[in-house]
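Assemble the whole structure, with the sequences as input and the hints as a guide.
For the sequence shown, counting from 1, position 119 maps to 119 in my numbering; every step adds exactly one.
For the record, the hints were derived by calculation from the structure and aren't laboratory data. Treat the hints loosely; a few may be bogus.
Claimed, not checked - For each label pair, taking beta carbons as the anchor points, the in silico distance ranges come out as: (1) Arg23 to Glu283: 30 to 38 Å; (2) Tyr127 to Arg376: 16 to 24 Å; (3) Trp326 to Ala87: 20 to 28 Å; (4) Gly78 to Pro281: 26 to 34 Å; (5) Ser307 to Tyr31: 39 to 47 Å; (6) Arg23 to Ser393: 28 to 36 Å.
Every residue, glycine too, gets a C-beta built ideally from N, C-alpha and C.
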Amino acid sequence: MVDYRPIPDEREAFHEYRSYAFRPEEGLPPYDPDEHENPRATRGARRAIYADTDADAAGDERPRTVCRHYWLEARVRGDVHPTAGLASVATPPEYRRSGYVRQLLTGSLAEYRDRGDRFSILWPFEYRFYRQYGWDTANRIVTHACEPSVLSFARGADADGSFRSLEADDYEVLEHAYDAATEGLALERDEAWWRHRVFGGHDIDPFVYAYERSGEVAGYLVYRIEDEDDGRTMRVSELTAADPEALLALLAFCADHDSQVGRIELRVSETVPIRDLARDPDEIETTITDGPMVRVVDVAETLPALSLPDVSTELTLAVEDPLADWNDGVFELEAANGRLACDRLDDSDVDSDATLEIGALSQLVVGTRSAADLERTGRLEARNSEVLAALESLFPETDVYFGEYF
Numbered sequence: 001m002v003d004y005r006p007i008p009d010e011r012e013a014f015h016e017y018r019s020y021a022f023r024p025e026e027g028l029p030p031y032d033p034d035e036h037e038n039p040r041a042t043r044g045a046r047r048a049i050y051a052d053t054d055a056d057a058a059g060d061e062r063p064r065t066v067c068r069h070y071w072l073e074a075r076v077r078g079d080v081h082p083t084a085g086l087a088s089v090a091t092p093p094e095y096r097r098s099g100y101v102r103q104l105l106t107g108s109l110a111e112y113r114d115r116g117d118r119f120s121i122l123w124p125f126e127y128r129f130y131r132q133y134g135w136d137t138a139n140r141i142v143t144h145a146c147e148p149s150v151l152s153f154a155r156g157a158d159a160d161g162s163f164r165s166l167e168a169d170d171y172e173v174l175e176h177a178y179d180a181a182t183e184g185l186a187l188e189r190d191e192a193w194w195r196h197r198v199f200g201g202h203d204i205d206p207f208v209y210a211y212e213r214s215g216e217v218a219g220y221l222v223y224r225i226e227d228e229d230d231g232r233t234m235r236v237s238e239l240t241a242a243d244p245e246a247l248l249a250l251l252a253f254c255a256d257h258d259s260q261v262g263r264i265e266l267r268v269s270e271t272v273p274i275r276d277l278a279r280d281p282d283e284i285e286t287t288i289t290d291g292p293m294v295r296v297v298d299v300a301e302t303l304p305a306l307s308l309p310d311v312s313t314e315l316t317l318a319v320e321d322p323l324a325d326w327n328d329g330v331f332e333l334e335a336a337n338g339r340l341a342c343d344r345l346d347d348s349d350v351d352s353d354a355t356l357e358i359g360a361l362s363q364l365v366v367g368t369r370s371a372a373d374l375e376r377t378g379r380l381e382a383r384n385s386e387v388l389a390a391l392e393s394l395f396p397e398t399d400v401y402f403g404e405y406f
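Here it is, written out as structure tokens:
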């Protein structure tokens, strides 16, 4: 037996495990509370798996594997839902290949369920690894890279506004623009998140500039300028625009750094039409990568909590979940008058209308992929086209973008 529990008094061990897992090339830097227990680093709740009492009696009381939970809120289909961010999963080499991570993930999901969290989000070191445990890709991230001159087409498109530099104390002026422009899975940011995650960096704080018209923020961008072997690069990690004119103004702002940088990188969602706007799209290097992974914590509790289209339908879903036994089974869905009832059936031998894994269901629920897309790629089996159409109506595909690291 193992024990899943908090590790509030073993921060040095947590620091050691995390350093070895994610920055082994730097060795094991000595633990310094003043350096490693800053507001950015201490947010979240540390958890670990400990071995049974026999191992403890032998003097081996160190945690086998550790992680950190962030208690967040994310928007899904227009509403805010409690969401757990999972990070810093780390196991020292002497404890690997023993099933401890699986036990850590199982304990984490049980805690999320007890807390009432609807979703879990993580940034994987390897997608295949976490997909086997029920998480799947939430969205993709697009990076556009070009010389500043390629964005010069945007100059003069919106001459009525102006830019100003912001500091952490100014975060409130950005909240309206952020709330108006974000897609599904966007976080509800509190003051601490704005200060220490948006305006604060690991080593160097980023620049934050707001674009204003008539005293109102119409857009903003967060970026760093990094010196590399082939020159400086302006890396934009967040770009938010209230309308097309504001987007052009932000791109022009980037172009105006032509005397300082030789390259601009814009990290954005797939919905930002930079290549469509550019006069020379062939001069833009665009890469698409998988973003974070998402997972439904409790099917029976999460699905009825969603705001769904007003459709009337009844169907049964067979869900396969490798970790959460409360999700592994057949669920009866009944939708009417904008409400959805979801009940797990005691008889798992029921001939279900559709079958899918929890990861595919998670993508369907948050809006990342449609039922037709999942069926086409072998991730969903439907009894007939009517069942597929019902799932399409219940869970239409939407714009989803989560780009925040934690």
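Going down the list of hints, with the structure as the test:
| no. | hint | in the structure |
| --- | --- | --- |
| 1 | Arg23 to Glu283: 30 to 38 Å | holds, 35 Å |
| 2 | Tyr127 to Arg376: 16 to 24 Å | holds, 20 Å |
| 3 | Trp326 to Ala87: 20 to 28 Å | holds, 24 Å |
| 4 | Gly78 to Pro281: 26 to 34 Å | holds, 33 Å |
| 5 | Ser307 to Tyr31: 39 to 47 Å | holds, 45 Å |
| 6 | Arg23 to Ser393: 28 to 36 Å | violated, 47 Å |
Of the numbered hints stated above, the single one contradicted by the structure is hint 6.
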